[in-house]
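Engineer: Listed here are the chains, written in short residue letters.
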Amino acid sequence: MRTLCIFWLSLRRTPLGLAGLVLLLLAVMMALFAPWLAPYDPDAPVRATIATIYAPPSMEHLLGTDDGGKDVLSQFIYGARVSLFVGFVASAITVFIGGAVGVMAWFYGGRLGSALMRITDLFLVIPDLPLYVVLVALLGPSIWNVILAIALFGWTSTARLVYAQVLSLKERQFVLRARAIGASRPYIVRRHIVPLVLPIILAQNALVISLAILAESGLAFLGLGDPTLISWGTMLNFAFGRGAISVGAWWAILPPGIGIVWVVLAWTLLGFVIEEIVNPRLA
Amino acid sequence: MLRRMLWAVVTVVFVVVLNFFLFRVLPGDPAKAGIRDPRLTREAQQAILERFGLDKPLFLNFSGNPFDSQFFRYIGNLLRGDLGISYNFNRPVFDLLGERLWNTILLVFVGELLAITFGILLGVLAAWQRGTSLDLGTLLFGLFTWSLPTFFLAMVLLILGSTYFGLPVGGMQTPGLSRADSWTQLGDLARHMVLPTLTFTIILLGEFMLIMRSSLLDVLGEDYVLTARAKGLSESQVLRWHAMPNAMLPMITLIALTLGFTVSGSILIESVFSWPGLGSAVFEAISRRDYPMLQGAFLLFTVAVVLANLCADLLYSALDPRVRQV
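Protein sequences, first through last, are from chains A and L. Be aware that the first sequence starts at 7, since it is given in the working numbering, and climbs by one per residue. Be aware that the second sequence starts at 191, since it is given in the working numbering, and climbs by one per residue.
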């Protein structure tokens, strides 16, 4: 609780961090209250006519309609749910695996430790998006497979970061002293290492969330989004594949794109500011 | 040096094995799914199994020749440059990817070059004018472009460029120009390249800029810069001869690190602009369930990134003697 308090105090003083926090809270509110905010039910079937396909914004449809005659604003509001959900769940798993591997590599040390980091390096080299594409294409497009793909292969940078941090900590005075008076390794991990690594993980987590959201939207754009859910990436996939550009239907393209930028920017700003607080640069 | 190369070989082997198991163990390949069709006779099923070599054991053959298995056939075919036949084009994947490889390299090369050039320039400017509104502007620009989904930026640029500047909406060449003289063709190619390259540059620019800025700021705090200033060198001399050469080192690692980013960028950008490269091959392979093509493109992408990482490693140790000694 005390750390959270200090955290809030330092965050409050930086306009960038505050902006990120406000943007994020607005997005979370929109996702939570989607059924009350959205003017139409995005899942309800619509009888599309020539007049209702890609209809420009009007009083009836504030952001116009899409290729199926559905209200863009309602889909935009519901789309926040998928992005935030994927971001939270995928990053939680990622940070858990990455943190565990990083700490374990140090904890067991020796052969096993270096073997763990070697494996991390192997996965680190493989470019993310092609791997996600292959996994989701083979397993089938569902939101859980998207999360699985991101979590299964996204933990490497966290593991590296945590490992480097732990390595630099273990030579510090207070850890050496704790060892000198006979503290066991699990005790040192619990009482000295984890509290100091946690803030770094927090900053990394914000970065991982923004990357996960970007990855989900990219997969959905490539046609690998969950077909049963409305996400911003899927909206862009339909708009791109079904002629929104040639019709000039900017209202079907801009809102979902701006939605992704909004949420990702919120996490990027937060991550940047947390990093500055945790790891202040003298320059 | 030797250890690094050995490590790259290990990584490539890992990627090759992963590529095999991903596509063999996971469900989804139509060649395997098709066999379960109950309308097929037992003989037809057997024929399909034999045609794709699926009647062989997965990894090691315990009855007879141990290497007569799916895995070792795959390795053997790979060594002969055989990546299978594309379901969609009914032609060897190797040839198809070979045709597209150079288009991607052209796009990535020009995009990276522009991003590095402008990234260094703006980063140096920001570090030089530290604390001013210009510095804050570059920071915000960097964070903003980092948050932009590549394909969304591509779509927006596509709409703006084609509506207001009359630039082509996709592809590499205007149809019917194949018999025009080479200057007209080159100009046509350049016009087609403007929008995809611009997207690439903007996506990569922010990160290069921010790293260059912080790297230069680190160097400017070093003792040897202070010494250079104390000798009475002008600010631009200090920057050019003492600060810049050292600040450039992290950029080399960064170029290697952003290669994964470049690969995903090329998939998304080429898909939007129908640029006939490896990235759009992935896009088409997904929508047409063309698994051999997807497998080949994945292998090529990963091997390219591994090799590029190795090059960056070697270059880095050649440029920075401190790394070599360790």
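Any given hint could be a false lead.
[To be verified] Chain L side only, calculated, beta carbon under 8 Å to chain A, not exhaustive:
| no. | residue |
| --- | --- |
| 1 | Phe-210 |
| 2 | Phe-331 |
| 3 | Phe-334 |
| 4 | Met-345 |
| 5 | Leu-347 |
| 6 | Leu-350 |
| 7 | Trp-373 |
| 8 | Leu-458 |
| 9 | Val-493 |
| 10 | Leu-497 |
| 11 | Asn-499 |
| 12 | Cys-501 |
[As the list claims (entries may be wrong)] A few chain A positions that, by computed beta-carbon distances, are all more than 10 Å from chain L:
| no. | residue |
| --- | --- |
| 13 | Arg-87 |
| 14 | Val-131 |
| 15 | Arg-196 |
| 16 | Ile-266 |
| 17 | Thr-274 |
To be clear, the hints were calculated from the coordinates, so they are not data collected in a lab. Ideal Cβ positions, reconstructed from N, Cα and C, are used throughout, including at glycine.
Engineer: Which hints, by number, does the structure contradict?
Structural biologist: 1, 2, 5, 6, 7, 9, 10, 12, 14, 16, 17
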